[in-house]
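Could you build the full structure based on these sequences and the hints that come with them?
Spelled out from the first residue to the last, the chains are:
There are 2 protein chains.
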Amino acid sequence: MSSSRHSIGSYLIRRLQDYGVRHIFGIPGDYVLTFYQMLEKSPIKVIGVTREDSSGFAADAYSRINGMGAICVTYCVGGLNVTNSIAGAYAEKSPVVVITGSPGLNERKDNPMLHHKVKTFSTQREIFAQFTAASAVLDDPGTAFRQIDETLAACWRTKRPVYLEIPRDMVSVAPRLASRPKSIVEKSDPAALREALAESIARINASKRPVILADVEVHRYGLCRELRLLTDRTGIPVAATLLGKSVISERHPRYIGIYEGAMGRPEVQQFVEKSDCLLMLGTLLTDLNLGIYTAHLDRHRSIEATSEKIQISHHQYTNVLFGDFLRGLLKAKIRRRTFPIPRHAPHYTPPVKASPSNPLTVNQVFTLLNEWLRDDMVVICDTGLAMFGAVDLTIHRGTEFVAPAYYASMGFAVPAALGAQMARPRLRPVVIVGDGAFQMSGTELSTIAKHGLNPIVLVLNNHGYTTERLILEGPFNDIHEWRYDQLPTLLGSGWGCQVHTQKDFEQAWRQALEHHHEFSLLNIHLAPRDSTTSLSRLGQYLGECVKRNR
Amino acid sequence: MSSSRHSIGSYLIRRLQDYGVRHIFGIPGDYVLTFYQMLEKSPIKVIGVTREDSSGFAADAYSRINGMGAICVTYCVGGLNVTNSIAGAYAEKSPVVVITGSPGLNERKDNPMLHHKVKTFSTQREIFAQFTAASAVLDDPGTAFRQIDETLAACWRTKRPVYLEIPRDMVSVAPRLASRPKSIVEKSDPAALREALAESIARINASKRPVILADVEVHRYGLCRELRLLTDRTGIPVAATLLGKSVISERHPRYIGIYEGAMGRPEVQQFVEKSDCLLMLGTLLTDLNLGIYTAHLDRHRSIEATSEKIQISHHQYTNVLFGDFLRGLLKAKIRRRTFPIPRHAPHYTPPVKASPSNPLTVNQVFTLLNEWLRDDMVVICDTGLAMFGAVDLTIHRGTEFVAPAYYASMGFAVPAALGAQMARPRLRPVVIVGDGAFQMSGTELSTIAKHGLNPIVLVLNNHGYTTERLILEGPFNDIHEWRYDQLPTLLGSGWGCQVHTQKDFEQAWRQALEHHHEFSLLNIHLAPRDSTTSLSRLGQYLGECVKRNR
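In the order they appear, the protein sequences are chains U and H.
Following my numbering, the numbering of the first sequence begins with 18 at its first residue and continues without gaps.
Following my numbering, the numbering of the second sequence begins with 18 at its first residue and continues without gaps.
There may be inaccurate statements among the hints.
[Stated by the list, open to error] Below, in silico cross-link-like pairs of lysine-lysine (DSS-like), each with a Cα-Cα straight-line distance of 25 Å or less:
#1 U:Lys350 / U:Lys58
#2 U:Lys326 / H:Lys564
#3 H:Lys326 / U:Lys126
#4 H:Lys136 / U:Lys326
#5 H:Lys326 / U:Lys136
#6 H:Lys225 / U:Lys564
#7 U:Lys350 / U:Lys326
#8 H:Lys225 / H:Lys291
#9 H:Lys58 / U:Lys62
#10 H:Lys58 / H:Lys326
#11 H:Lys350 / H:Lys326
[Claimed, not checked] To give an idea of the interface, some chain U residues facing chain H are shown, with a C-beta separation under 10 Å as derived from the structure:
#12 Asp47
#13 Leu307
#14 Gly459
[Stated by the list, open to error] Computed far set for chain H versus chain U, every beta-carbon distance over 12 Å:
#15 Glu216
#16 Gly239
#17 Arg391
Just so you know, the hints here were simulated from the structure itself, not pulled from any lab data.
For each residue, glycine too, the CB sits at the ideal point set by N, CA and C.
What follows is the structure, given as structure tokens:
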């Protein structure tokens, strides 16, 4: 591509398309209007949201499914509204491009107090530098194209957000000198790769009970297929972490379930921790992934491969790419074996058909949902009861479970459903969200309604912050009761109903399935402290943390 | 007060009370639960909001009315949600104390990936350091009390937000050594003060047409009374800026109106700019205050007194306190004079009684409102049409107009109403908010309903971002239509109605006044591009900025 005809703005739009970005989320403002107008005329579709933070969550989910996502917001009053959702994307490795306008360079003479300015003209950039993999202000036509290339490459390479700020008088500037997109190719050190592979293969072949623990980076680096092939060719069983849930189909015959230390199913814990060769692929060793550090993973018997390093036992290879390593394993001669594995089965407890007209319990909700989920659905969870309750849902294919399973920000799920369905319209989102989280961002269903999307939203209405109730009870955990099912009245579209019993739930689900062309919202009434086994256990551990640390 | 019995948490609570803080806004989370429990048992009332950013706006408005306000949020997922609203408080000089929990020091060994952590344990603090006057992590019992004293003093002195982070295992730690609250008293340099006053008084007395231009710092530093006395004793007339609106009663006989360069009323512009001695008190020279730099204020003929400096003509005194200077003027012999001044009168145009059943116009809305406003009301505006339309409302007493008139963040008004009415329960908020801004934070009426507050909310429903339409039109300015008046159905309380005509408006206002015990919401239908004179002019200027800077 010759880029001599491009302006800085149009070049950025072109490069976003090269990375597969087809939608951009955000809200305009005067410092970014010129770029908005340019976007509007481009093949990239602008999705206006009701609040900027939603654009961050939407683009995060979009990135997870599409490979890369982007937002476009105005200076400070827009940008500083997305810090939380973009920080979450940083923590959970989701590649979101943050584009923001800013005052023109011509306007900055004598450092005037322009509206939206907080302190200095670089305040916003300095804030974003704290939680982006790269950031640039496109204030020099001579270097802007290269900065765009490098920044987008960093986003792609690190799977983390990046920040691009365009002063408004730079958007239409076309550099005089042509520039070619710079392809930035990272390579493994061949000798290091050989050695790391040889050592790993020897360990795996020498082991009796190798187990794969697969996490989020397998998904982010597009290696789900390689993971599946690896288990298929070698017979090594696979567990996933909470953040990596759905990195392999949960109906795969060698999938054993979610590993989360003592917080999860005991048979999974034992099986993983007793392995004499644990192959940790793309893992983020977070407290939630490690069951609040109840995990006992022996480094001595582990091989950990991530985008940052390959660690075998206690030594590390830092110049080996994760993808090269995984593909290397696939090509290697690894002894095929079969051995008995724990059966993956949800451990939702009570028999369900028992009391269709008694008040519904959380366990019933998840047990029924587990029966009902279909191949064309994506489960999107908010944090809290919604996410921890969903741990044992059986996700049919890959990448169909989206949740903020490390950063754990409330308010994620509804905007994420917007992003997920924009990325893949035929995938119907099933959104599981607590009432507290829903109050934060549930009105983003407005944008979902505007675009005729059809998620099914299950509001777990238990009158407050249930996870916190389990940690430390107090009146600060109570919230004002809403008639969530009345949201369609406010928004002028969508369908809502109340659910008190199993019978209600079954009927509501059937009706929701029939509402093809709009969103459905089920206001599911639950007792304030009703919980799942996994969340109760989590609450207990977190409560002990609070007590120990006071 | 002996503080030997205090823990770090209880000392902080005590010191907040010393500064008059009676309410604290926020949402709990596990890293801050222990402190929440302590707050709950203290005389300070915890006001739980639906989203953290609302707590920032609420505390900002609370601070403006109460003198200081505070929020308490959890680590990162809470804190990073308030960056925008706290940045706004920084820009507009509103003293808000941000309190946040964080992981215990005991938990940080080996730098674990604890949930909510973005990058490093200091990421959040580094972000807040960009837009707070002081910030501290209370991680050392030996210095914590002093840090609290100094940080709160900085908040009080600068009228800007500050940041206090308490690792959760520090909340209950009681330092062994007693510590006394440190009173940090700032003083003027007496000689500099004398000289600055002498020079100013000479200039004022030698002038023929002195005029005061009063701005926000007069209000923030509690000097409204001194301002009134100054005009009463000297006869010098007073104009206010947009950000300083209501710093003096707009019914004061020597009040001439809002000065905003060529954006405002021409007679006010001329009167201010032709003054041979302009006394600028507590001014922030922002683009919106200066009518997008259409102001022509001659430094040579000006005296500018602010918290940062006293500037006379082209020289500065940096070690003179604003309050000392103003009180010095009050005590001085300043020649009393009378001269004709422009009459303060709103310039809403069309005669109102003409067409009670025709579609309502923006001008009619503001003209009627101006007749209806009562002494016991506070006008709270969101940015955009709401704020620029309200420029010429006559505010009866002091400090009764609250708006984000510099930072101009959307979504301010509804949460601000919560803060304002908590600060002064008998003051009934009249909230003027555009539909775009309402979609951002209107559901915070949930908290208003929970506490039985009774604001009257006027949603100016013109189907999109009208200010932006005036700058640059495009489909990105359209928003999804809500039935705003149905919000009470969602929230289970409040009263709402639709308004299409003047007759509807009159009837709705009467009914709203009768709804003493709950909020009222008027969904006021307006044409998409209907505007006031002042906003149209602003849109034109901002549109020219966009064109010039593309």
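We went through each hint and held it up to the structure:
1. U:Lys350 / U:Lys58: violated, 53 Å
2. U:Lys326 / H:Lys564: violated, 49 Å
3. H:Lys326 / U:Lys126: holds, 22 Å
4. H:Lys136 / U:Lys326: holds, 18 Å
5. H:Lys326 / U:Lys136: Between Lys326 of chain H and Lys136 of chain U the Cα gap is close to 18 Å, so the pair holds against 25 Å.
6. H:Lys225 / U:Lys564: violated, 71 Å
7. U:Lys350 / U:Lys326: Roughly 23 Å between the alpha carbons, so the hint for Lys350 of chain U and Lys326 of chain U holds.
8. H:Lys225 / H:Lys291: holds, 11 Å
9. H:Lys58 / U:Lys62: violated, 51 Å
10. H:Lys58 / H:Lys326: violated, 43 Å
11. H:Lys350 / H:Lys326: Holds, at about 23 Å.
12. Asp47: Hint holds; Asp47 of chain U Cβ to chain H Cβ min 5 Å, cut 10 Å.
13. Leu307: Holds, about 8 Å.
14. Gly459: Because about 8 Å separates Gly459 of chain U from the closest Cβ in chain H, which is inside the 10 Å limit, the hint holds.
15. Glu216: Nearest chain U Cβ is 25 Å from Glu216 of chain H, so the label holds.
16. Gly239: holds, 23 Å
17. Arg391: Arg391 of chain H is indeed farther than 12 Å from all Cβ atoms of chain U, at 28 Å.
Of the numbered hints listed earlier, those contradicted by the structure are 1, 2, 6, 9 and 10.
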